[in-house]
Amino acid sequence: MRAYRPRTERPRYRYKIGRNAHRDRGDVPGRGKGYLRIGKGYKLVEVIVPATSANLGPGFDVLGLALNIYNSFEVEEIESGLEIDILQDGGPRPSATENNLVLISAKRLFEEVGFSFKGLKITIKNDVPMGRGLGSSSTAIVGGLMAANELSHANVPKENLFEIAAEIEGHPDNVGPAIFGGFTISYPVDANHRIASYAPSEKLKPLLLIPGTMLETKKARGVLPRDISMGDAVFNISRSSLLVAALLEGNAGLLATAMQDKLHQPYRAPLIPGLLEIIRLVGRIPGAGMALSGAGPSLVCIIDRSEEAHIVEEINQALADIESDQDYSIRQAEFDLEGARVISRN
1 MRAYRPRTER PRYRYKIGRN AHRDRGDVPG RGKGYLRIGK GYKLVEVIVP
51 ATSANLGPGF DVLGLALNIY NSFEVEEIES GLEIDILQDG GPRPSATENN
101 LVLISAKRLF EEVGFSFKGL KITIKNDVPM GRGLGSSSTA IVGGLMAANE
151 LSHANVPKEN LFEIAAEIEG HPDNVGPAIF GGFTISYPVD ANHRIASYAP
201 SEKLKPLLLI PGTMLETKKA RGVLPRDISM GDAVFNISRS SLLVAALLEG
251 NAGLLATAMQ DKLHQPYRAP LIPGLLEIIR LVGRIPGAGM ALSGAGPSLV
301 CIIDRSEEAH IVEEINQALA DIESDQDYSI RQAEFDLEGA RVISRN
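FYI, the numbering for the sequence shown is 1 to 346, going by full-length UniProt numbering.
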């Protein structure tokens, strides 16, 4: 396994399509599920949504963090048709058809609030790597919902947007921090999703190890067992509880133990060469803990901020010591405490 090496810049690509726009037939603007529209909506809205790291080791489908890497979504109501314009530095691209998650999510919100639109132009600027376990699909879902909320002037609360986003995504642990920011704990109440959001201690800092390869979430979920032992369940409950304390108190000495997991990482390890070994080696570094980010293949490391330079050096050494063809780039990050937000509207 080789340590960080800088990557060359790749060209930007633009993809556009044009086709008939969706309309909510027979819907009356303002007639939705109890949402009140006040005043006139906007014609163009730009939203930024942070990358997220979910699970954090033991908190499978529950815990998540928002990070200061962003995708931007500009949604404009136009006279007719549909245009999707994607700007990114190479790499795999999102769908530029009606299967695009931004469009699907925007249309879902419009249907919820009873808003009819003429046509849409969507411009997507991607900085969150796709297929790396950093919540790129969640940024698209949340971006579409929030932009549609502004365009329709429906004033749907974030808590309700979270419910819709979790339904579209299929699980709440990425869309939660994407919407609310910070460190989030998602939990079910009856058939609904609820969330608690906190600011992690300023004593701590996240780092990302991002590989050049991708891993489909569907494939990573497909290897998980249907049943787990009571012992493994208790193990993860203890680590999840400890991780909450470590993140809120800023106790970096607890992180290596608190980010241990027995529910998903051991089963996903065959899909990610060197995964368990790099987690084990980084766990020996004082003031650092590491886990798979979401379904992977990226890794999230939470560290003692005051020891950052030393810890990065030790991580690079650990990467060099592991025999694997996997290349990781270390990306500096910070916690995003705001979540998705509108940065311009007209």
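Calculated from the structure, these hints are not laboratory results.
Since this is a predicted model, take the numbers as computed values, not measurements.
In this text, a Cβ means the ideal position worked out from N, Cα and C, and glycines have one as well.
Fair warning: there could be bad hints in the mix.
Using C-beta positions, here's what the derived DEER-type ranges look like [what the hints assert, rightly or not]:
| hint | residue 1 | residue 2 | range |
| --- | --- | --- | --- |
| 1 | Glu-79 | Ala-199 | 51 to 57 Å |
| 2 | Ser-329 | Leu-276 | 17 to 23 Å |
| 3 | Glu-98 | Glu-323 | 44 to 50 Å |
| 4 | Lys-218 | Ala-245 | 30 to 36 Å |
| 5 | Val-223 | Asn-155 | 40 to 46 Å |
| 6 | Ala-233 | Glu-98 | 38 to 44 Å |
| 7 | Lys-43 | Arg-280 | 25 to 31 Å |
| 8 | Pro-188 | Pro-270 | 43 to 49 Å |
| 9 | Glu-79 | Lys-203 | 49 to 55 Å |
| 10 | Asp-190 | Arg-345 | 32 to 38 Å |
| 11 | Lys-218 | Arg-194 | 33 to 39 Å |
| 12 | Asn-346 | Pro-266 | 21 to 27 Å |
| 13 | Gly-231 | Asn-316 | 33 to 39 Å |
| 14 | Pro-270 | Glu-159 | 19 to 25 Å |
Practice prompt. Go ahead and decide if the range 38 to 44 Å is satisfied by the Cβ distance of Ala-233 to Glu-98.
Written response: holds (41 Å)
message = Quick check: does the Cβ-Cβ distance between Lys-218 and Ala-245 fall within 30 to 36 Å?
response = holds (33 Å)
| said: Can you tell me whether the CB distance of Glu-98 to Glu-323 sits inside 44 to 50 Å? | reply: For Glu-323 against Glu-98, whose Cβ atoms are near 46 Å apart, the range 44 to 50 Å holds.
**Prompt:** Is it true that Gly-231 and Asn-316 lie within 33 to 39 Å of each other by Cβ?
**Reply:** Because 35 Å falls inside the window, the suggested range holds.
Item to complete: Could you say whether the range 17 to 23 Å given as a hint is met by the Cβ separation of Ser-329 and Leu-276?
Response: Distance hint for Ser-329, Leu-276 holds at roughly 20 Å.
Given the hint of 43 to 49 Å, check if Pro-188 and Pro-270 actually sit that far apart at their C-beta atoms.
Violated, since Pro-188 and Pro-270 (Cβ atoms, about 30 Å apart) do not stay within the stated range.
Discussion item. Between the beta carbons of Lys-218 and Arg-194, is the distance compatible with 33 to 39 Å?
Written reply: The hint (33 to 39 Å, Cβ to Cβ) is violated, given that Lys-218 and Arg-194 are roughly 26 Å apart.
Query raised in the report: That 32 to 38 Å hint for Asp-190 and Arg-345 (C-beta), does it hold up?
Result: Hint holds: Cβ distance 35 Å, inside 32 to 38 Å.
- Message: 49 to 55 Å was suggested as the range; check whether the CB atoms of Glu-79 and Lys-203 agree with it.
- Response: holds (53 Å)
Honestly, do Glu-79 and Ala-199 meet the 51 to 57 Å range at C-beta? Given about 44 Å between the Cβ atoms, the range is violated.
Measuring from beta carbon to beta carbon, are Pro-270 and Glu-159 in 19 to 25 Å?
violated (39 Å)
Taking 21 to 27 Å as the hint, is the beta-carbon distance of Asn-346 and Pro-266 inside that range? violated (51 Å)
When held up to the earlier numbered hints, the structure conflicts with 1, 7, 8, 11, 12 and 14 and fits the remainder.
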